[in-house]
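S.K.: Take a look at the letters that make up each chain.
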Amino acid sequence: MKEYIAMTRLFGTNGIRGVVNQDMNSTLALEMGQAWGTYLKKTIPRPKCAIGTDARLSNQMLKSAITAGFLSTGCDVIDVGLVPTPTLQYTVKEKQFDAGIIITASHNPPQFNGIKGTADDGTELTKNVEEAIEQIYFSKLFALSDWNDVGSYSTWDGAIELYIKGVLSRVDVTSIKKQQSHVVLDCGNGAGSLVAPLLLKKLGCVVTELNCEPDGTFPGRHSEPVPENLTLLMKKVSETHASFGVGLDGDADRAIFVDENGSYIWGDKSLSLVGKYITQKTKGGITVTPVTTSTCFEDVVRQNKGSVVYTKVGSPIVAGVMKKNHAVFGGEENGGLIFPKFQFCRDSAMALATLLEILATEKRPLSELIAEIPSYEMLKTKIACPNEKKERIVNQLVEEMKNHQEITDIDRTDGLKLYMKDGWVLMRPSGTEPIFRVYVEAKEKHQAERVALFYKNLVESLMQRA
Amino acid sequence: MKQPISKLIFRAYDIRGLYNKDISPEIFYKIGLAAGTYVKHTMQGKQISVGGDIRQSSQSLAHAFIAGVTATGVHIHHTGTTSFGQTLFTGGKLKADLIAFVTASHLPPEWNGIKFYYGDGVGFPEENLMAIRDLVLRDSFELTSWDHIGQVTPVDAKKGYKEFFTSQFKFKKKLTVALDCGGASMTLSAPEIFTSVGLHMIPVYCDPDPSFSKRPSDPKPKNLTTLVSAMKDNACDFGVAFDGDGDRAVIVDNTGQILSADQTGIVIGRYGLKKNKGTIIVNVECSKSVKEQLEPLGYQIKQIQVGHTFLTLEAKQTKALLGIESSGHLIIPEYFLFDDALVVPLKIAQILDNIKRPLHDLVMESPSYPTRKEELECADDIKFDVIERLKQDLSKEFEQVNTMDGVRIDFKEGWVLIRASNTSPIIRLTAEADTTAILQDLSTRFMKKTQEMIQQKKTAL
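Just so you know, the protein sequences line up as chains A and B, in that order.
1 is the number of the first residue of the first sequence in the working numbering; add one for each residue after it.
1 is the number of the first residue of the second sequence in the working numbering; add one for each residue after it.
Worth flagging that the hints you see were computed from the coordinates, not collected in a lab.
By construction, the Cβ of each residue, glycine as well, lies at the ideal position given by its N, Cα and C atoms.
Careful, some of the hints might be misleading.
[Stated by the list, open to error] Label-pair ranges, simulated between beta-carbon atoms: (1) A:T43 - B:P221: 46 to 52 Å; (2) B:G160 - A:S154: 17 to 23 Å; (3) A:S154 - B:S229: 34 to 40 Å; (4) A:V309 - B:R138: 55 to 61 Å; (5) B:L8 - A:T43: 53 to 59 Å; (6) B:T226 - A:T43: 49 to 55 Å; (7) A:E391 - B:R138: 45 to 51 Å; (8) B:S229 - A:S169: 54 to 60 Å; (9) B:R138 - A:T432: 34 to 40 Å; (10) B:E142 - A:R465: 31 to 37 Å; (11) A:S169 - B:G160: 38 to 44 Å; (12) A:K177 - B:G160: 41 to 47 Å; (13) A:K341 - B:G160: 45 to 51 Å.
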């Protein structure tokens with residue numbers, strides 16, 4: 001058997017991912033359990049770890065392997081079964097476990113799987129912790145327990161009930177029930193199938209289910225809730241005259257909505273709608289989102305006298321900054337919404353319940369509410385650039401643009417973000433490919449196109465000079 | 001960390017070693033890969049039932065094994081932490097291609113291992129276990145693709161197993177039975193089942209104790225003093241002690257006398273079988289009284305080589321009514337082919353329920369003959385040759401010679417068995433005779449013959 005782990009980093013933005021039985025195999029999972037267990041044992045005499053999985057075919061194999069690893073280092077493992085990622089995270093927090101492990105590759109195709117970890121409060125592992133675990137992993141210096149100190153394994157099937165109860169306690173169930181909304185729900189055969197149908201029924205909704213059977217081959221659609229994967233959902237919403245539709249990703253931490261006409265709502269818009277509602281209730285407060293999010297979010301938050309803190313891309317980073325700043329709300333433009341009063345992680349069930357509460361409060365169709373969110377033209381493209389030249393190019397760009405009259409502000413949070421009078425451009429060096437990811441936002445489409453072309457040319461000429 | 005896997009963990013009937021020294025989750029992962037590969041390619045099968053005994057390291061090893069099996073595309077039914085019988089019974093019901101049980105049986109708690117059975121309860125033969133060994137040592141596994149990964153189904157092994165016993169056993173009398181589980185795996189089944197079939201139970205070490213701190217998991221006479229004294233205090237009809245995983249039961253009669261497997265087998269053969277025609281299987285080490293007592297009743301006694309694997313296989317082929325291994329494994333195929341120890345005390349209870357006599361009386365009906373066991377040192381490279389030559393010579397010299405497992409010479413008044421140990425540089429001599437004088441004479445004679453042969457072979461080298 002070959003091991004393909006040649007890189008020095010295992011954890012990506014969202015845990016460890018790979019193709020099953022190739023780079024994501026049981027040997028890796030077993031040793032990851034031993035490395036992580038060794039890490040936990042340094043500070044906790046008898047760590048209790050909760051483990052759960054999404055609906056993938058390779059889940060139990062990897063779960064068994066990593067469980068063996070944790071047990072062998074003297075950690076107790078509590079198996080909560082097939083659950084959405086936020087359900088596991090909530091369970092870790094509420095039941096005071098020392099760590100959470102979720103076997104998932106989120107929205108990746110079915111041949112992938114992965115390992116994601118949480119700290120004792122249910123939030124995703126910080127980079128420091130990940131690096132400490134990786135270091136143990138590569139050193140292979142595992143603190144294996146003696147025969148009489150091996151951990152105990154048990155199962156607990158109360159996680160979903162606990163989680164649904166938690167969500168219900170944080171929204172106005174009575175008003176939502178009165179609405180009797182008709183929701184078309186597309187779980188993409190993922191882990192959300194275990195929670196969302198039940199939650200909607202408890203909220204008095206009429207539910208039309210699409211792909212709500214957990215199935216690791218993802219027979220219904222691809223797991224990522226982008227427009228091309230939600231065509232059936234959109235069609236079904238308009239056909240059935242539903243109140244709205246919702247599509248989840250594989251591990252149900254992200255929710256994307258479809259309005260009553262069957263139109264796809266971009267994640268920026270739903271983030272802004274929820275952000276607007278929450279900052280209205282909290283009368284302002286701090287919100288957090290990555291630099292890639294549309295300005296419409298800042299617009300609505302500011303209207304309610306709130307403020308926005310921008311972060312690097314990555315939900316664990318957003319969650320971390322939210323926690324530090326006592327934020328009232330946060331999230332990403334991909335449908336990952338974070339409700340800090342509930343927990344510091346992306347949570348589709350909470351997003352869904354909150355949207356129902358908004359509709360119950362506003363008593364207007366979703367399309368109308370979305371229409372009130374300011375609209376911008378966003379353009380995403382990429383520019384080729386060798387990895388070794390990236391840093392120099394960015395620095396030269398800063399020099400070049402510092403005194404440019406069009407630029408009103410420069411932000412270096414993640415790559416280079418240049419603000420203009422009515423828009424911005426963001427150039428992020430990709431961590432994995434020799435490209436810059438370029439995001440341009442403007443009021444008008446032609447403006448965005450003009451800006452994109454300008455920076456593409458500029459980067460290319462800088463590269464030739466470099 | 002990555003030490004090579006020792007060949008020595010693979011033994012004739014199971015895999016065993018010291019946890020974290022000879023065996024580890026890494027090694028069990030590989031054993032899982034090998035078992036999966038074997039089931040898929042050699043057996044053309046697709047599922048394995050797996051469970052583990054109560055040892056603290058069993059779950060870690062079982063999970064690693066499961067990770068290996070599923071990586072080859074073979075499915076798993078996982079029974080969790082159970083007694084031996086619970087997993088074997090459940091695997092049988094699920095028609096498993098292979099049943100795997102993580103245990104080191106009666107060995108101390110720092111040991112662990114794994115043993116395999118077929119779904120019908122027949123033990124996994126040595127040559128097949130060696131095929132799995134070779135796959136492990138050669139690292140020769142085939143990982144399947146993502147869409148064919150084996151699935152794990154957790155199954156409850158307790159309910160169906162208990163129901164089986166409550167449907168099979170009902171007692172008219174309230175029998176008092178002292179139950180010594182030694183804190184081991186039988187704590188997970190025996191106390192509950194004893195109570196539910198209506199026995200009055202006196203528990204001895206019936207709380208789970210994975211480190212076997214109360215008594216060693218080997219139920220040999222010297223480890224059963226607490227049981228024997230509890231029996232006397234409570235005027236028990238009989239007592240029973242189990243080993244670590246529950247494939248051996250030792251019965252103690254109402255006077256506190258600890259019975260050998262042969263004695264227990266004779267009582268069951270005489271009073272506990274439904275039919276009086278059919279085969280009873282004994283191995284070459286069993287007492288001659290088994291044959292003397294049971295053959296006149298109409299049973300056919302078939303002698304086989306040592307090893308519970310052969311016992312189960314032979315029992316299946318001959319549709320035997322009873323099988324006795326002198327080491328303590330008993331099978332009663334009207335219930336199971338495999339050596340589940342729980343059926344033994346329940347069968348004894350059934351006998352006492354029907355016959356209004358104390359167990360001690362039933363035991364004393366059969367004579368007990370003196371036996372002698374000796375070990376002779378003999379180098380590994382010649383020990384099998386020595387046995388081969390003895391087979392040839394003794395076959396010429398004596399009339400009743402059995403060479404299926406070592407060489408056994410039968411006389412009217414006794415017998416001698418000479419076998420090479422599979423694992424140590426030793427030749428074992430076992431003898432039984434009507435009187436101590438004959439025993440001395442017989443064993444001394446054959447000790448001498450064996451010694452001479454060893455000497456001859458040594459000089460020939």
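S.K.: Each hint needs a verdict: does it hold in this structure or not?
M.R.: Status of the hints after comparison with the structure:
1. A:T43 - B:P221: 46 to 52 Å: About 48 Å separates the Cβ atoms of T43 of chain A and P221 of chain B, which means 46 to 52 Å holds.
2. B:G160 - A:S154: 17 to 23 Å: holds (21 Å)
3. A:S154 - B:S229: 34 to 40 Å: holds (36 Å)
4. A:V309 - B:R138: 55 to 61 Å: holds (58 Å)
5. B:L8 - A:T43: 53 to 59 Å: This hint is violated: roughly 39 Å between Cβ atoms.
6. B:T226 - A:T43: 49 to 55 Å: violated (42 Å)
7. A:E391 - B:R138: 45 to 51 Å: For E391 of chain A and R138 of chain B the Cβ distance comes to about 49 Å; the hint holds.
8. B:S229 - A:S169: 54 to 60 Å: holds (58 Å)
9. B:R138 - A:T432: 34 to 40 Å: At 37 Å between Cβs, range holds.
10. B:E142 - A:R465: 31 to 37 Å: violated (54 Å)
11. A:S169 - B:G160: 38 to 44 Å: holds (40 Å)
12. A:K177 - B:G160: 41 to 47 Å: Hint holds: Cβ distance 43 Å, inside 41 to 47 Å.
13. A:K341 - B:G160: 45 to 51 Å: Since the Cβ atoms of K341 of chain A and G160 of chain B sit about 47 Å apart, the hinted range of 45 to 51 Å holds.
Hint violations for this structure: numbers 5, 6, 10, all remaining hints satisfied.
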